[in-house]
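Q: Sequence:
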Amino acid sequence: SRLHLIHPFGFVINDKNLKRSGLDYWVHLDVTEYQNIEEWITQIPNKSRVFLMSSHATTSIYETHFQDGDWLVFGKESVGLSKEILDKFENHLTIPMSKLIRSFNIANSVAFVVGEAKRQISDFR
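Counting along the sequence shown from 1, when you hit position 49 you're at 49 in the numbering used here, and nothing is skipped either side.
Rather than coming from a laboratory, the hints here were simulated on the basis of the structure. Be careful, since some hints might not be right.
27 angstroms max Cα-Cα, derived DSS-like pairs, lysine-lysine [to be verified]: (1) K47 with K99; (2) K76 with K99; (3) K47 with K83; (4) K76 with K118; (5) K76 with K47.
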């Protein structure tokens, strides 16, 4: 798996912040940073395998057949993905949740979706 980060983001990636967050495994991550959405989009070989997470989507992550190489896209925790980005791709997914909750935080959302994708692809073997 590779982590793709698209600027601008609301945090600073530096040794002090990573150590404070307990992210001592950061050196082992495969991370790619992009200056903007357009730069990122040029790197996608198959746009039909891009899945955007949205609390407003009608298709559940559990109704999707994930494949190795899929792109799982998450927005800002506060506002999600912009309409501009949502309009660029057709696959919008949601994480089923109680009607009593508005949304999950970004860390939980990523854990749910990546966990489900990994379960389908490799069965964690």
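Q: None of the hints should be skipped; say for each whether it holds.
A: Outcome of the hint check:
1. K47 with K99: It is violated: about 31 angstroms lies between the C-alpha atoms, which goes past 27 angstroms.
2. K76 with K99: holds (21 angstroms)
3. K47 with K83: Holds, at roughly 17 angstroms.
4. K76 with K118: holds (23 angstroms)
5. K76 with K47: holds (21 angstroms)
Checked against the numbered hints given earlier, this structure breaks only hint 1.
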